[in-house]
Amino acid sequence: MAINENATVASHDDAGPGYRFLVLDATRLASALVPGQFVHVRVPGLEPTALRRPFSVFDADDGKVTLLYKVVGRGTAALATARAGDEVEVLGPLGHGFPSASKGVPLLVGGGYGVAPLHFLAKRLKDSRTILFVGGRTKDDLLALDRFEALGVDVRIATNDGSAGEKGFVTGPLDAALDELRGRGEPFELFTCGPDGLLKAVADRAVAAGMPGWISMDRHMVCGVGACYACIQKTVHGNSRCCVEGPVFKAEDLVW
Amino acid sequence: MVNMEVNLGGLKMHTPVATASGTFGYGFEYVGAVDYSKLGAVTAKGIRLEPWPGNPMPRHVEVPGGLVNAIGLQGTGVEHFLKYTVPWYRKQVADVPMIANIWGGTVEEYAEVAARMGDTVDAIEMNVSCPNVKAGGHTFGQDPKVLHEVVSAVRKATTLPLLVKLAPNVPSVVPYVKACEDAGADALSLINTIPAMVIDIETRRPVLANRTGGLSGRCVHPAAVKLVYDAHNATKLPLLAMGGIYDAKDAIEFFLAGATAVAVGTATFTDPGVVAKVCDGIAEYCERHGFLSVSQLTGALV
Numbered sequence: 001m002a003i004n005e006n007a008t009v010a011s012h013d014d015a016g017p018g019y020r021f022l023v024l025d026a027t028r029l030a031s032a033l034v035p036g037q038f039v040h041v042r043v044p045g046l047e048p049t050a051l052r053r054p055f056s057v058f059d060a061d062d063g064k065v066t067l068l069y070k071v072v073g074r075g076t077a078a079l080a081t082a083r084a085g086d087e088v089e090v091l092g093p094l095g096h097g098f099p100s101a102s103k104g105v106p107l108l109v110g111g112g113y114g115v116a117p118l119h120f121l122a123k124r125l126k127d128s129r130t131i132l133f134v135g136g137r138t139k140d141d142l143l144a145l146d147r148f149e150a151l152g153v154d155v156r157i158a159t160n161d162g163s164a165g166e167k168g169f170v171t172g173p174l175d176a177a178l179d180e181l182r183g184r185g186e187p188f189e190l191f192t193c194g195p196d197g198l199l200k201a202v203a204d205r206a207v208a209a210g211m212p213g214w215i216s217m218d219r220h221m222v223c224g225v226g227a228c229y230a231c232i233q234k235t236v237h238g239n240s241r242c243c244v245e246g247p248v249f250k251a252e253d254l255v256w
Numbered sequence: 001m002v003n004m005e006v007n008l009g010g011l012k013m014h015t016p017v018a019t020a021s022g023t024f025g026y027g028f029e030y031v032g033a034v035d036y037s038k039l040g041a042v043t044a045k046g047i048r049l050e051p052w053p054g055n056p057m058p059r060h061v062e063v064p065g066g067l068v069n070a071i072g073l074q075g076t077g078v079e080h081f082l083k084y085t086v087p088w089y090r091k092q093v094a095d096v097p098m099i100a101n102i103w104g105g106t107v108e109e110y111a112e113v114a115a116r117m118g119d120t121v122d123a124i125e126m127n128v129s130c131p132n133v134k135a136g137g138h139t140f141g142q143d144p145k146v147l148h149e150v151v152s153a154v155r156k157a158t159t160l161p162l163l164v165k166l167a168p169n170v171p172s173v174v175p176y177v178k179a180c181e182d183a184g185a186d187a188l189s190l191i192n193t194i195p196a197m198v199i200d201i202e203t204r205r206p207v208l209a210n211r212t213g214g215l216s217g218r219c220v221h222p223a224a225v226k227l228v229y230d231a232h233n234a235t236k237l238p239l240l241a242m243g244g245i246y247d248a249k250d251a252i253e254f255f256l257a258g259a260t261a262v263a264v265g266t267a268t269f270t271d272p273g274v275v276a277k278v279c280d281g282i283a284e285y286c287e288r289h290g291f292l293s294v295s296q297l298t299g300a301l302v
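One line per chain: the protein sequences are A and B, in this order.
Each residue of the first sequence is one higher than the one before, counting from 1 in the working numbering.
Each residue of the second sequence is one higher than the one before, counting from 1 in the working numbering.
So that you can see chain B by itself, here it is in the shape it has in the complex (with noise of 0.2 Å):
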């Protein structure tokens, strides 16, 4: 028996497979076509301090080997959440723990809503690639100092496993890596989705409303690697590395590459089994590998 538990910066999983924000829902919206057993944790839909409607539609487009969508977050505001989302996903959903993803327009907002937050969920994931409303749009993420001023200011105001999603479309993701952990980040997230846009060359318009958005799915997979490789090298932060796994083979590379656990996304779309094909392959492959814990894999790159 393969042991299968890690320890993401202080929340406990069973498993090390999640699933990533924006791609479960509130955690319920699956239930009767996913193996919850095989979850070590569900990464909830982004949630800001107020409701928030989200973009115009059209929001995705299927392009070949993944999907771009703009969404744009939309969310019933972290009251709601808290008052009905949380425990009508602890009555569905018992035993496998919450980690609830908070954004903002500011960083007062992000301080807030993880405050709000109290031990109600397991863990936090802080969605950095948002725009900053004082900074012109520019997002949080692509600021090493603001980057490390937003933390600073969460890490504050929570108790909780803290983690920060980083953006894919920086040079180099060290100098952010860098920054989170100085500013009392437990853990990374990586990647979020990297900046996308598909045309209609016969309406000559973008496809999407929102005209750009965010490219998920296989296709990212190499790129979502080498991020996490890049992540590993440059800091002892456990990492939760996400982007493109359909199937076990996926997963243990970003194990390999220096991932604690895993995220499934856009996957489950397509199919919702992939989340147990993982579970089970990552385990039947640290048994023919010899590997007695899976995380032995973290960055067992040879």
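The following block holds chain A by itself, in its conformation from the complex (with noise of 0.2 Å):
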């Protein structure tokens, strides 16, 4: 059940060249939310008719829900100029997130901001052979690793021009670390957010190695709840809605 809470801005700060981290005041949504689900936002700053924009949750802990995002658009540029104490609408928690256990090892793989709910994930899971596989354009784009490494998370990284970590995609070091579990024998399962094209690889790779895949889509979104159909992903159910039957979809669920 979706609760409209008024929170409150108790930080706001860089994350990286154009990327955000806002720390929301936010009882209720904190207390309520796992990983994978999203909250919609009523930007502060955009008009009073303007639509809600969709965000997953980089962390909620101890009454606060905190948002890892990138400034890409008007709805993202109005967001970033909101300051502590601001008042801030969020609609939440909405959508199915990941399983909260893992029956192998959990590979997470993400992409630019992407790695947000991943994080929430991976502080949830508690689970010590956890390994981030993270990919970029630039270092730039490689965010809050220092997080993930406070968690124990095993990072890996892969940017397209080498500024850090391997030079290529970040399926580099992820088959890298297939071969050698699959070599093991160990049971893996696969968790993935950012661009669809990472997405897609990673969905491929779990149905291949018939593991469990879960994958998260990033979607413009319009009620958040289900109510409207905008927001729609074909899969082997048909035309399903990412706010409701996702964001995190079943690898083998869906249809590219």
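The hints are simulated quantities; they were obtained by calculation from the structure and are not laboratory data.
Honestly, I wouldn't trust all of these hints.
What follows is a set of in silico ranges between Cβ atoms, one per label pair, in the way DEER data are often shown [as the list claims (entries may be wrong)]:
1. B:VAL2 to A:ASP140: 51 to 61 Å
2. A:ARG182 to B:ALA209: 48 to 58 Å
3. A:ARG74 to B:VAL2: 35 to 45 Å
4. B:ASP119 to A:ALA10: 50 to 60 Å
5. A:GLU149 to B:ASP200: 36 to 46 Å
6. A:ALA10 to B:LYS91: 48 to 58 Å
7. B:GLU50 to A:ALA101: 35 to 45 Å
8. B:ILE199 to A:ASP86: 18 to 28 Å
9. B:GLY32 to A:VAL71: 26 to 36 Å
10. B:ILE201 to A:LEU145: 34 to 44 Å
11. B:PRO195 to A:ARG74: 17 to 27 Å
12. A:LYS200 to B:ASP200: 17 to 27 Å
Output of the computed footprint for chain A on chain B, the stretches with three or more beta carbons under 8 Å from beta carbons of chain A [stated by the list, open to error]:
13. 21-27
14. 67-76
Positions of the beta carbon are idealized from the N, C-alpha and C atoms, including for glycine.
Assemble the dimeric complex from its two separately framed chains, guided by the hints.
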């Protein structure tokens, strides 16, 4: 059941060039959210008729909800100007998130701000085997790595320009790890969020390996609660709503 | 205390505020976020005989003061609706009447969907802005003769309060109002969305996969008020007015122009609290202006 909480901005800081950490005092949402769920934000600074914007959750703990986002358009540009003490209406918790436990080695694959729900997931999984594979165009797109390391997550990096980690796509270090796990006969579970190309690459690997894969889709949304049918993803079940049946889908259910 | 009850063509509503079809799912999705005690009725998303997949993505684009959508009436079909959706709605939302919104590709389909509803819902609203497959894609609602035929067929198929939702893109709404009245409609809903299009000038392509869609939101409100005013001058049928209601003032304009009840639509996406604010604001206005009941507002334009 979704609630519309009047949250207050606790802090709002840069998380990298063009990326922001928004920390909200939102007691009810903080205790209700699970990793992979999202919130629908009425952006202060936009006109009163503007649609809400959906954001994945980087952390929800101790009465606070943290969002990690990239300034990409009109809505996020307006949101980026919110200051500590400002009020923000937040609808949530929304959608189906990730499972609460991993049946094998948790392999988290993130691109850009797609690491946001993976951080919340890593924190809740509390699994010392967790590996984060993170990719970006340059080192500037690698976000919050210190926060993953603080959780004891093994972080493996790839950048397109080689400015950090391996040069190339994140599927490079991912495939190396998959080979190693398969060699040892060890089960694994894939969790991903990021650009569609990355999501498909991870989903394909999960399906090919016969291992569970959980794919978090990023889509423009209107209502966020399943009422309007604007945020459709094709699945084996037909036209599914990202906001209700997703945003986390099973790899084998997705039709690309 | 202002009496907020209204009678919309036989549908008794304890407040004059409903939701608009397509903006409120099947009625239960907003439980927790909307104050249902302020809702006089919920209008469900459109249902036809068989399941329907809707349009490809993208299905919406935000525009100044509103939204253009081409969802394409995705729905589960009447069987699933009656077997699962309505019982689930009744369980989640005990005491708010449900208006089922129906559509079809033929006159016969409309009548069959209406008949299948039986008395499981509290009223039926016909969407007549969808293509008539026997008339080369012309919509039922753009020809008064065809409109009369389809409304008559549904009238014979149901004893429920029957609303017909009129399209705004006609030179005059009067012949359509008369056709519905003559065919036995109990009330009229207006307005449906206004046909619209948004083009991405960089790619030189329409933004919506369907190329065109329907405009809703605050920007359509003055156009909707005019159509409600015209309809009220042409008929005694009660009117359910919708189109760009974001606050009580928007709703009160509709009452003064001739509406018996109003429906909130696109605004709910931005603020699920709009329903309660509109309802409370109408009551406050009635008190301030000495109206004992909201029904006294209907057509009270000076």
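Going through the hints against the structure:
Against the hinted window of 51 to 61 Å, the Cβ-Cβ separation of VAL2 (chain B) and ASP140 (chain A) comes to about 59 Å, which satisfies the hint. Between ARG182 (chain A) and ALA209 (chain B) the beta carbon distance is about 40 Å. The supplied range of 48 to 58 Å is therefore violated. Roughly 40 Å separates the CB atoms of ARG74 (chain A) and VAL2 (chain B), a value that falls within the hinted 35 to 45 Å. The hint said 50 to 60 Å for the Cβ distance between ASP119 (chain B) and ALA10 (chain A), and at roughly 52 Å that hint holds.
A hinted range of 36 to 46 Å holds for the C-beta pair GLU149 (chain A) and ASP200 (chain B), which are about 41 Å apart. Evaluation of the 48 to 58 Å hint for ALA10 (chain A) and LYS91 (chain B) yields a failure: the beta carbon distance comes to about 38 Å. A hinted range of 35 to 45 Å holds for the C-beta pair GLU50 (chain B) and ALA101 (chain A), which are about 40 Å apart. Between ILE199 (chain B) and ASP86 (chain A) the Cβ separation comes to about 35 Å, which falls outside the hinted range of 18 to 28 Å.
Look at GLY32 (chain B) against VAL71 (chain A): about 31 Å separates their beta carbons, and that is inside 26 to 36 Å. The hint said 34 to 44 Å for the Cβ distance between ILE201 (chain B) and LEU145 (chain A), and at roughly 39 Å that hint holds. PRO195 (chain B) and ARG74 (chain A) have their C-beta atoms about 25 Å apart, which keeps the hinted 17 to 27 Å range intact. For LYS200 (chain A) and ASP200 (chain B), the hinted distance range of 17 to 27 Å is satisfied, since their beta carbons lie about 24 Å from each other.
With a cut-off of 8 Å between beta carbons, the region 21-27 of chain B has 4 residues touching chain A; three or more are needed, and the interface restraint holds. With 4 residues having a Cβ less than 8 Å from any Cβ of chain A, the region 67-76 of chain B passes the three-residue criterion, so the hint holds.
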